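Chemist: Sequence:
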Amino acid sequence: MVYGEALLVAVTASATGALLGPLGARPIQDWLVSLGMAPGWLVPSTSSAPSWIAFGTGVVVAVLGVVMSARRAGRVPPAEALRESGAERGVMTPGRWVAGLAVLATALVSMTMTAVGNPSSATGNKSYMPVLMLLIAAVGLLAPVVVRPVTRLLTWPVERLRGAGGTVVAAGAVASARQTAATAAPVLVTVGLAASLLGAAAMSDAARTAMEAGPIRADYVVLPTGPAGLDRQLVRRLRDVPGADVTTVTPTSVYTLEGRTALIRRPAEAVDPGALRRTVDVPVVAGSLAGLRDDTIAVSETWDLGVGRSVTMWRADGSEATFTVTAVLGSRSAADSYVTPAHAFSALPYRAYVKLRPGAAADQVGAALQRATRGHDARALTKAAWERQLGTGRASASRLGLLVVLGIMLAYTAIALVNTLLMAASDRAAERGALRLLGATRGQVLRYVMGEALLVVAVGTVLAALATALSLLGLWTALVQLTGLIPATLPWATMPWGTIAAVTGGCAVLAVPAAVIPALASKDVRPSAA
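Under the UniProt record's numbering, the residue at position 312 of the sequence shown is numbered 312, and the numbers go up by one with no gaps.
Since the hints were derived computationally from the structure, they do not count as laboratory data.
Incorrect hints may have been included.
As the list claims (entries may be wrong) - With a straight-line Cα cutoff of 16 Å, these simulated EDC-like cross-link-like pairs (lysine to aspartate or glutamate) come out:
#1 K383 - D295
#2 K383 - D240
#3 K383 - D219
#4 K383 - D363
To be verified - So the derived label-pair ranges between C-beta atoms look like this:
#5 A228 - S45: 28 to 38 Å
#6 L64 - V418: 14 to 24 Å
#7 S45 - D363: 52 to 62 Å
Predicted model only: the values in this text are computed from it and were never measured.
Idealized CB from N, CA, C, for every residue including glycine.
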């Protein structure tokens, strides 16, 4: 009967989702295009494969969950079941211990390997996002172990107040630690995802900004105000400014063949090597930029190529060329590779660095730069102003993208939170009845239910804070090797506290009605009825 009910519910819910999902593809795509996060030419797929995969996955996951729960319940002898009906005797099963410790170990090993072996990859989403999710899963699996001490800590101030309400709420949560952990799990995932992903993105953005701006020795940076770049007439006018050395940087790409089947795009910057060394402190770990010519290239360590190595590539215009590696750039390099301007073709510079010559007056050079950019789609900024703009723009773009993804994820975790609390409310009906038999008023019972819901949110938030602290500490350990000890990458300096508070408050707003409404709808158990 249990399996049949599970199959019926799973098929109905999965079929509904599979049918409604494609209908929402176009509105979501239009929304992403309006935000600038998707190209306008993108067309939603008409294939039915995603719907079938989603349908099958939903049914399989639901049935497997019921099978595992039913098998565990079926192995409990009747006498044992009666003994455990009052209070939980063991909060962790051997399987949960193994799974929780295995996931935790996997996350910690991944963090260590990144921090020690390849810290530069820590700035990429593909590197830190899986680790964050593993840590959240590990804390969720091991949550029953810490629920009791966390609950006692959270309820200690309330228990000191007059009345037995706080004591009853705390005692109920401590006595059923596994159920409390299960109820708090959606809060853990909701708050943990928001805090970890947004915090990690902010730290990575700050690190990338520091890596990009740190090596720049220029006093001014000239940037285009439109998408076209710095026109050639403007570049000539900049070079004519007295008392200043000007270096232009033009974006381009080269493509390498991986596995004889895939072309990998690698960003490159076309520069004059002599002028570059005057305005940028390029971290070179092998070779020299002095050897940068039309047939050579300087590459970062991520290319895994040594000095003197020849490699065939395809340039931005599709032509094939063979380059010899003349220098290997360190992990703090702002550029992935450098080539000469001959490989930029018709592309325009997207940035110009201006370095004051000895004895030149900064205010005079600044005024000359303003005159040079007048009438062109460009503006001159001091290095400090440019660095602030760079950090703000990068953070805004990264935050917007994550909020879109998080919005979808948090919608599902919110549904899980409400669903879990509704099911828990029915399981706690006997406890509410017992309180009424002991003389508690209806208002006191409802306050008990409300307090229990808020306690669950608080426990989930503490668990989320633990997972977030572990994940961001590992990320910071890797980033500090790239940027050094700078305040911008400290976890507490970059955390979006307002967003985290809003998500936590949203969990409380959802949790209280989900727990109180079933209690209001249920019939009170009175002494006469007993």
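Chemist: Work down the list of hints and note, for each, if the structure agrees.
Modeler: Hints, verified against the model:
1. K383 - D295: Violated: K383 and D295 sit about 32 Å apart, past 16 Å.
2. K383 - D240: With Cα atoms ~20 Å apart, K383 and D240 exceed 16 Å; violated.
3. K383 - D219: The given pair, whose Cα atoms are some 6 Å apart, holds under the 16 Å limit.
4. K383 - D363: The given pair, whose Cα atoms are some 14 Å apart, holds under the 16 Å limit.
5. A228 - S45: 28 to 38 Å: Holds, at about 34 Å.
6. L64 - V418: 14 to 24 Å: Once the Cβ atoms are compared, 23 Å apart, the range 14 to 24 Å for V418 and L64 holds.
7. S45 - D363: 52 to 62 Å: 58 Å, holds
Comparing the model with each earlier hint shows violations of hints 1, 2; every other hint is respected.
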